[in-house]
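Engineer: Residue numbers (the numbering used here), protein chains in the order written: chain A, 1 to 316; chain B, 1 to 317; chain C, 1 to 274.
These aren't lab readings, by the way, just hints derived from the structure by calculation. Hints are not guaranteed to be accurate.
As the list claims (entries may be wrong) - Output of the computed footprint for chain A on chain B, the stretches with three or more beta carbons under 8 Å from beta carbons of chain A:
id	stretch
1	29-38
2	142-154
As the list claims (entries may be wrong) - Computed list of chain C residues with no C-beta within reach of chain B, every gap over 12 Å:
id	residue
3	21
4	38
5	42
6	63
7	79
8	94
9	166
10	167
11	182
12	208
13	213
14	217
15	220
16	232
17	241
18	263
Said to hold, decoys possible - Here are a few chain C residues that sit away from chain B, every Cβ distance over 12 Å (derived from the structure):
id	residue
19	19
20	27
21	118
22	159
23	161
24	181
25	186
For each residue, glycine too, the CB sits at the ideal point set by N, CA and C.
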Amino acid sequence: MLDVGSLTVALPMGGRLVPVLSGVSLALARGESVGLVGESGSGKSMTALAIMGLLPPGARVAGRIMFDGADLLAADEAQMCALRGRRIAMVFQEPMTALNPLQTIGAQVAEPLRVHERMSRRSAAARAGELLARVGLAPPRATPDLYPHQLSGGQRQRVVIAMALACGPDLLIADEPTTALDVTVQAQVLDLIAGLAADSGMALLLITHDLGVVSQTVDRMLVMYAGRVVEQGPTAEVFAHMAHPYTRALLAASPNEAGGLPAPISGQVPDPAHRPLGCAFAPRCARAERDCTRAPPSLVGGGAHRVACLHPHVAP
Amino acid sequence: MSDPPLLEVGGLVREYALPRPHPFAAAPRLRVLHGIDLKVEAGEGVGIVGESGSGKSTLARAVLALEPPQAGSVRLRGMDLFALSRRELRAARRHVQAVFQDPYGSLDPRQRVGRIVAEPIAALEPGTGRAERRRRVADMLRDVGLPQAEGKYPHEFSGGQRQRIAIARALVTRPALVVADEPVSALDVSVQAQVLTLMADLQARLGLAWLFISHDLGVVRSITARVVVLYRGRVVEEGPTRAVFAAPAHPYTRALVAAVPRVGRVRAPTSLPAEAAPPGAGCPYSVRCPRAAPRCRAEAPVLTRANGRGVACHFPG
Amino acid sequence: MTGAWRSRSLIAGGAITLAMIAIAIVSLVWTPYSPTAMDFLHKLAPPSAAHPFGTDSFGRDVLSMIMAGAQSSLAVALIAVAVGAGIGVPLGALAAARGGLLDDVVMRACDLAFAFPALLTAVMITALAGPGAVNAMLAIGIFNIPVFARVTRGSARGIHARDFILAARVAGRGDAAISLIHVLPNIAAVLMVQATIQFALAIVADAGLSYVGLGTQPPQPSWGRMLNEAQTFIWRAPLLAVFPGLAITLAVLGLNLLGDGLQDLLDPRLRRAR
């Protein structure tokens, strides 16, 4: 349904175009959930913005973004507007900034229905009530005439999810939807998103920095580093046979069950304007050899599990 | 007689005034901390774990003597911080410093790094000569892995580097205790690990005690030896970090541990009802607790200690 | 495109303002004629090579008067703004740092001051204290105090919410030191922009007071009084009103452009610093 091919995005920085995404390919079928993992600067959020047609002004885009047969890169702003919120919806990290503090949550959930579906005020309000109930905000705990400030962070994120679901989108993009929430609430919201996606058959693109979240929520995953996909495959398979040194380093750097200090990755994510010529991870990689510095490796592998590394831990 | 502990918090109560409902009403008060007891020994790493609304940041501000409590005391090596004169408090501040969460907000964007790191010396040890101040700042920046950063501005550094600068500022007066309020939660995973390693290293080398406040159990687990779990302004469980996380006694601690997403483990379906109002007299957790009995709603449990662990629950297990 | 426009307004505003300052300074040592020398043979003369802006009803050279008038306009506005900022900024900073009752009192006092129409009250003050440049400066300056207090307090509160203020308190700094070392440098941009706006308003206020005879006293020329004197001859010599009017307009325009330009120049730095 969503087909992103060799997507390359360059942004103007300091007077020249700097590539932030290089050849990102990603396909999503109806009902499928895919996780995009990476640290800041990896390009995971930029990929989402490109799909939504919300790249900053001056961005140079090449490649292909097809959605249900329509070419999104060729679509004009009016066509994108009709798509956004209706067929492709998005949930952001910070629920408070996504909500209007002066409107009731019922009115905000009803708004996309009035705009996209041209529903009457009354039927939109009724539908908004149903949607809020579906995300766990049913009376008596919460009513549609509450204002955002009367809710907790987790409840606000539920409202944002209800807004995203209002028009029954085919694709939900969730960009770090639980990072701002408490652990116990985080688990509830993730369950909610995954459950809604499974029930309604919509595709889910979950963007996160947390390997634990990915492991427990999505069918397939892509690991991004410095604007490229470095490893991808079915979640269980990737975790069982981690091939890319970066994926392993990322896991080792995450706080773990055993306690003890996580293992840091030396160095920093390279700044997009000064990425190394070869594999972008080579300067931080313990397995790097001379051939790693020549050209960025491309994704290889026979099956669904593919890795972009000349010296992977295991050949996928 | 043994020496008093480095930090001893006793019966700390903190309330905030809420907006008055009308101009002639008394301002309603919100109790954020309900009598907290806490001890930190020299060189010890203690974690404070809790979700938003647990009062963990309020506790940090009280320990830093930034906001006076309504009741209770904060004693540093036996001295009650809130009974000290201004001058004595200033002298005491050399021994308690802090690292804050937001690496972008905690450094003055208009000052160079050298001046930022020197600020505690300038304010707390005004007699220090220029050359000595400069030398200590340089040494400290080298210790955190940022040699020769003095002349640059904060915006020239990444989030992890800024947090190192904040750590250098906190340690430049050689404090005995550093309060770190969510020091790595704004950082990327790989950078988080770098900063945690640095903090552990400095603790070992300088004999520092950390009071490490975080909502992230994994982070607390990796750097502290002892942990205190807060829920709605009360200590619900405390003990050695490993033991508490391996076998939580309080149902809330258990829910927290279970909720952390972990690679390769299927998450138990969440059964907790979302946020609910705290009851009047009973256990504050009883509204969410799967084991709550009538007694829990009638009577708040007190923290009982045995074998180095403590739990505030009528039905621990 | 907007970037180019911004720097253009900065350059234009800066140029006009600098030119005005330069004219005021030059007029201290040289004007084509003495701005007070009367020449009844050539009164109400149209612009000519000898008198580029013509002469007024007493035969004084209008160009010389405009040049000398810049002195008093600038001096009155400068001191009025200095009085306002000198008292308003510390008040606002203190209110932001202390909060609570002090904050309430200072802000309600500002509300009270805002409730009086500024120019009318300035007229009243000068009428009571006697006309003259010094009283005009003070009268206009008083109404700048609440403006600066409010702007300072508002921006300072934003800075006080940041963690580096907390860090400074942990480092043992008191309210005054924090305001001086951390808060004021971070809100200097906002205050500078506000100062240019108040400067422009002060020039207009000074012209207004002089127009009704309460500002700068004769024989020292002032733009406001020139306008007043010109209105008697508005049908015989319309240009006589045009030149001082243009001078006021240009000065205000220049300062406003400068303020706009400064705001845009300083703003991105603040944003990047976040």
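Engineer: Against this structure, judge whether each hint is valid.
Structural biologist: Results for each hint:
Counting residues of the stretch 29-38 of chain B whose C-beta sits closer than 8 Å to any C-beta of chain A gives 0, which falls short of three, so the coverage hint is violated. Look at the stretch 142-154 of chain B against chain A: 0 of its residues bring a Cβ nearer than 8 Å to a Cβ of that chain, fewer than three, so the hint is violated. Distance to chain B confirms residue 21 of chain C as a non-interface residue, since its nearest Cβ pair spans about 28 Å, more than 12 Å. With a closest Cβ-Cβ approach of about 55 Å to chain B, residue 38 of chain C is found to remain outside the 12 Å limit, as its non-interface label requires.
Every CB of chain B lies more than 12 Å from the CB of residue 42 of chain C, the least distance being 58 Å, so the non-interface label holds. With a closest Cβ-Cβ approach of about 45 Å to chain B, residue 63 of chain C is found to remain outside the 12 Å limit, as its non-interface label requires. Its beta-carbon lying about 28 Å from the closest one in chain B, residue 79 of chain C satisfies the requirement of being farther than 12 Å from that chain. Even its closest Cβ contact with chain B, about 18 Å, leaves residue 94 of chain C beyond 12 Å, as expected for a residue assigned away from the interface.
Its beta-carbon lying about 6 Å from the closest one in chain B, residue 166 of chain C breaks the requirement of being farther than 12 Å from that chain. A beta-carbon of chain B comes within 12 Å of the beta-carbon of residue 167 of chain C; the shortest separation is about 5 Å. Non-interface status of residue 182 of chain C relative to chain B is broken: a Cβ of that chain comes within 12 Å, the nearest being about 5 Å off. Taking the minimum C-beta to C-beta distance to chain B, about 38 Å, the non-interface status of residue 208 of chain C holds against the 12 Å cut.
Chain B leaves residue 213 of chain C outside its interface by the beta-carbon criterion, the shortest separation being 46 Å against a cut-off of 12 Å. Distance to chain B confirms residue 217 of chain C as a non-interface residue, since its nearest Cβ pair spans about 44 Å, more than 12 Å. The Cβ of residue 220 of chain C sits about 42 Å from the closest Cβ of chain B, beyond the 12 Å cut-off, so the non-interface label holds. Taking the minimum C-beta to C-beta distance to chain B, about 55 Å, the non-interface status of residue 232 of chain C holds against the 12 Å cut.
No Cβ of chain B comes within 12 Å of the Cβ of residue 241 of chain C; the nearest lies about 47 Å off, and the non-interface call holds. Distance to chain B confirms residue 263 of chain C as a non-interface residue, since its nearest Cβ pair spans about 17 Å, more than 12 Å. The claim that residue 19 of chain C is not at the interface with chain B holds, since no C-beta of that chain comes within 12 Å of its own (minimum 32 Å). With a closest Cβ-Cβ approach of about 38 Å to chain B, residue 27 of chain C is found to remain outside the 12 Å limit, as its non-interface label requires.
No beta-carbon of chain B comes within 12 Å of the beta-carbon of residue 118 of chain C; the shortest separation is about 30 Å. A Cβ of chain B approaches the Cβ of residue 159 of chain C within 12 Å, the least distance being about 9 Å, so the stated non-interface status is violated. Its beta-carbon lying about 9 Å from the closest one in chain B, residue 161 of chain C breaks the requirement of being farther than 12 Å from that chain. With a least beta-carbon separation of about 8 Å from chain B, residue 181 of chain C fails to lie farther than 12 Å from that chain, contradicting its non-interface assignment.
Remark: the non-interface label on residue 186 of chain C conflicts with the geometry, its nearest Cβ contact in chain B lying 6 Å away (cut-off 12 Å).
The structure fails hints 1, 2, 9, 10, 11, 22, 23, 24, 25 (numbered hints given earlier, in ascending order).
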